[in-house]
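Q: As a plain string of letters, each chain reads:
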Amino acid sequence: MIMTRRLFIGTATAGLAGLSGLLPKPAIAAGKDLFAAAWIQNGGAGFSILDGDGNELTSVSLPDRGHDVATDRAGRWAVAFARRPGTFAVAVDRQNGSEPIPFSTPEDRHFFGHGVFSPDGRVLYATENDYDNAAGMIGIYDVTAGFNRIGEFPSYGIDPHELILMPGGKTLCIANGGIETHPDFGRAKLNLASMEPSVVFVDIESGELLEKHTPPADLFRLSTRHMDIDAAGNVWVGCQYEGPETDEPPLLLRVTMGEGYKPIMLPDQARHGLANYVGSVAANRSENRLVITSPHGNCALVLDTRSGNLVERIAEKNVCGAVAQGSGFLLSSAEGDFGEAKLGRSWDNHIARLFQER
Amino acid sequence: MKRPSPVLAALLFAASLVPALSTLPAQAAKRSTNAVVSEIMTRAIEDFIQPGYQRFHVASEKLETDIETLCDSPSDETLAAARDAFTQAAVSWSYVEIIRFGPVAGENRYERVLYYPDRRGVGLKQIQSLIGGFEPYPQALGQLQGKSVALQGLPALEYALFGTGAEALASGKDDGRCDYAGLVAANIDAIARELDGAWADPEGISRLWMNPGSDNPVIRDNREALVELLGVVVHGIEMVRDIRLRAFLGETEGTDRPNAAIYRRAGNTFASIAANLQGIQAVFENSGMTLVLSEQDREIGYRISDELSGAIALTRRLQGTAAELLASPESRARLEELRDRLGRIKTLANEDYGNAVGLTAGFSFADGD
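Going down the list, the sequences are from chains A and U. Just so we're aligned: 77 in the numbering used here is position 77 of the first sequence, and the numbers increase by one with no gaps anywhere. Just so we're aligned: 201 in the numbering used here is position 201 of the second sequence, and the numbers increase by one with no gaps anywhere.
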């Protein structure tokens, strides 16, 4: 069992047949909760579109390990991104059922594994690394032209990881992890003595910086990486700490536009259990709940977004993927768990919902 | 091939009860595993970490002393002695630098000892600016410790002792360069003393690592303890391959970068890499990580040991500088062989060993992202 039963009142996941295949299915099953997630299995990699019971509708091979999947509001597109320092992305068109569309970064960039669509679904924004200049960039891709890259703007920091669209659709929130990497050195972290994490708000049209929030100086090794938004429009940021294990930094921050950071203080035992590593953050806005997961600590914590109080702790080996489902959350793990289903795949860190607005 | 030491043989029976950490249903088997993992952690600390930092501390003290002698009595002989002491300190650091947890992760200690790779040459420019007289030298240890980490550790000291113009140190006409080298050596020694002391403290970090438990804020259970040690091996091999070897060995001859080799000025590139690998070997073998493997999986441990021994032997046969080795197709092929061997060790440790101890997707799957 890998679902928060106590919060789980009821979902619309029942009834989908176990369809699976190599090509996308053209029909969009309106009203169903559908999800997408990347995986590895027996040395191969791919991503799948599946329902909350783990029934696969689509499975697409990837050339290497993927990370997150971006989806548009209409439920037409699912785009899987390479894990850093990979340069590929693969888009699946669920409306037309055409062959998956591969695209990639320019030669001097790589993806960081996350992206987000514009509200109208015509543009895709992806976090990227201008590695020769140690600068974070947001690549802009034209969905209507085969995901042709049409521009970029800075992320106003190093190591942009997850980015999300703020309510209203005019502002991007970007978590700059602050860690310099370069593909010449694999996944090595090159600047731990001078990390510069930040959370920034950027105008989606102009690419102009609206706000930049940096942790206090004594928390410069607190890498800000994953985010979601609560019902009140606050951004909850999960962090990974690069300092000594004996330090006890706040691993969850709440960032509010116009106000800045508020560290969320978790009970000692719950914080210790995260092993200074949060791998995924997901909000259930209708229930005012937030889940943060730690595959290093083998646990997930559920919080009340109104009070910031811990509601539930779930022990689960290698748990990381998380998304709102019904009145609860759907979680996945590297052990093959996908909600209640046990599949023979190691799920990567994230689960995306295909229908973001229902 | 190195087999488990006789001292550990008594634990093999207990270990044979334990096919994998993740599949331990019985309370009796759990107790046995607790004993084995606790023994592994204790040995990793007592047989590798503590003596490793102690050796680095001793070498750093001698380095500080020999540079002081050089500054007081400059000559070819005292310069040679200081350079030799640098080599000893750099190699003793290389042995333990694969440890990235504990006190070395605090107060930028790791980076203050070793700022490398310097991909954009930032550190080199800062050192050249100091030695070239464009910036004033720090006059006290506190001043040095307030400057860039690139000016505080072994690469900066290497440049001071071996870089352009270093021969002036033998004449005493060095315009403050020797005193700067002395400050850097004092800084390295201070950090070495902190690391040695912290791990030697029986009530300190060692106690946490030797005693996993639910109330332990760092290591909560045996699985975490073993994963952390496996991380030293996997990340250590990745570091040697990706940051040491690939720093100068390109995918093709045209992309080689001999000037990026670590300690190239001191001629210590391969002595350092060999020490890195010896440290990884010590973690794996001295701790007895093979002990938690079931009878049928124990061959994985022996294969890792064999490959590590082969990699160390291969590195020791690499005579010359990175530039010299890259210039010859024959020796360049040996560097590629080393790179490929390190790749095999990583796969064995990450996937085969990781799977055998219950990490379904391999160790690296949970690496930060």
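Please note: incorrect hints may appear among the correct ones.
To be verified - In silico EDC-like cross-links for lysine to aspartate or glutamate, where the CA-CA straight-line distance does not exceed 16 Å:
1) U:K173 / U:D76
2) A:K262 / A:D218
3) U:K173 / U:D72
4) A:K189 / U:D367
5) A:K189 / U:D242
6) A:K317 / U:E224
7) A:K189 / U:D118
8) A:K342 / A:E99
9) A:K262 / A:D230
10) A:K189 / A:E259
11) A:K317 / U:D367
12) A:K170 / A:E211
13) U:K147 / U:E107
14) A:K212 / A:E259
15) A:K212 / A:E196
16) A:K317 / U:D221
17) U:K147 / U:E135
18) A:K317 / A:E340
Stated by the list, open to error - Computed spacing ranges between beta-carbons, pair by pair:
19) A:D120 / U:R120: 34 to 44 Å
20) U:G133 / A:D218: 43 to 53 Å
21) U:S294 / A:G43: 20 to 30 Å
22) A:P102 / U:D175: 54 to 64 Å
23) A:P63 / U:E299: 44 to 54 Å
24) U:A333 / A:Q41: 48 to 58 Å
25) A:G151 / U:D175: 46 to 56 Å
26) A:R122 / U:S214: 46 to 56 Å
27) A:Q41 / U:S294: 20 to 30 Å
28) A:A231 / U:R257: 25 to 35 Å
29) U:E330 / A:D203: 34 to 44 Å
30) A:K342 / U:L141: 33 to 43 Å
If you are wondering where the hints come from, they were derived from the structure by calculation, not from laboratory data. Please read all numbers here as calculations on a predicted model, not as lab measurements. Ideal placement from N, C-alpha and C gives every residue a C-beta, glycine not left out.
Q: Each hint: holds or not?
A: Right, here's what the structure says about each hint:
1. U:K173 / U:D76: Holds - the C-alpha atoms of D76 (chain U) and K173 (chain U) are around 13 Å apart, at most 16 Å.
2. A:K262 / A:D218: 15 Å, holds
3. U:K173 / U:D72: 12 Å, holds
4. A:K189 / U:D367: 12 Å, holds
5. A:K189 / U:D242: 11 Å, holds
6. A:K317 / U:E224: 11 Å, holds
7. A:K189 / U:D118: This hinted pair holds, its Cα atoms lying about 12 Å apart.
8. A:K342 / A:E99: 28 Å, violated
9. A:K262 / A:D230: 14 Å, holds
10. A:K189 / A:E259: 31 Å, violated
11. A:K317 / U:D367: Since the Cα atoms of K317 (chain A) and D367 (chain U) sit roughly 15 Å apart, the hinted pair holds (cutoff 16 Å).
12. A:K170 / A:E211: At roughly 14 Å apart (the allowed maximum being 16 Å), E211 (chain A) and K170 (chain A) satisfy the hint.
13. U:K147 / U:E107: 13 Å, holds
14. A:K212 / A:E259: Holds. K212 (chain A) to E259 (chain A) sits at ~11 Å (cutoff 16 Å).
15. A:K212 / A:E196: 12 Å, holds
16. A:K317 / U:D221: Given pair K317 (chain A), D221 (chain U) holds - Cα atoms ~13 Å apart, limit 16 Å.
17. U:K147 / U:E135: 12 Å, holds
18. A:K317 / A:E340: 14 Å, holds
19. A:D120 / U:R120: 34 to 44 Å: Holds, at about 40 Å.
20. U:G133 / A:D218: 43 to 53 Å: Taking Cβ atoms as reference, G133 (chain U) and D218 (chain A) lie about 35 Å apart, which means the hint is violated.
21. U:S294 / A:G43: 20 to 30 Å: About 23 Å separates the Cβ atoms of S294 (chain U) and G43 (chain A), which means 20 to 30 Å holds.
22. A:P102 / U:D175: 54 to 64 Å: 59 Å, holds
23. A:P63 / U:E299: 44 to 54 Å: Violated - the Cβ-Cβ distance for P63 (chain A) and E299 (chain U), about 32 Å, lies outside 44 to 54 Å.
24. U:A333 / A:Q41: 48 to 58 Å: Once the Cβ atoms are compared, 35 Å apart, the range 48 to 58 Å for Q41 (chain A) and A333 (chain U) is violated.
25. A:G151 / U:D175: 46 to 56 Å: 51 Å, holds
26. A:R122 / U:S214: 46 to 56 Å: 52 Å, holds
27. A:Q41 / U:S294: 20 to 30 Å: 24 Å, holds
28. A:A231 / U:R257: 25 to 35 Å: 52 Å, violated
29. U:E330 / A:D203: 34 to 44 Å: Taking Cβ atoms as reference, E330 (chain U) and D203 (chain A) lie about 58 Å apart, which means the hint is violated.
30. A:K342 / U:L141: 33 to 43 Å: Violated - the Cβ-Cβ distance for K342 (chain A) and L141 (chain U), about 58 Å, lies outside 33 to 43 Å.
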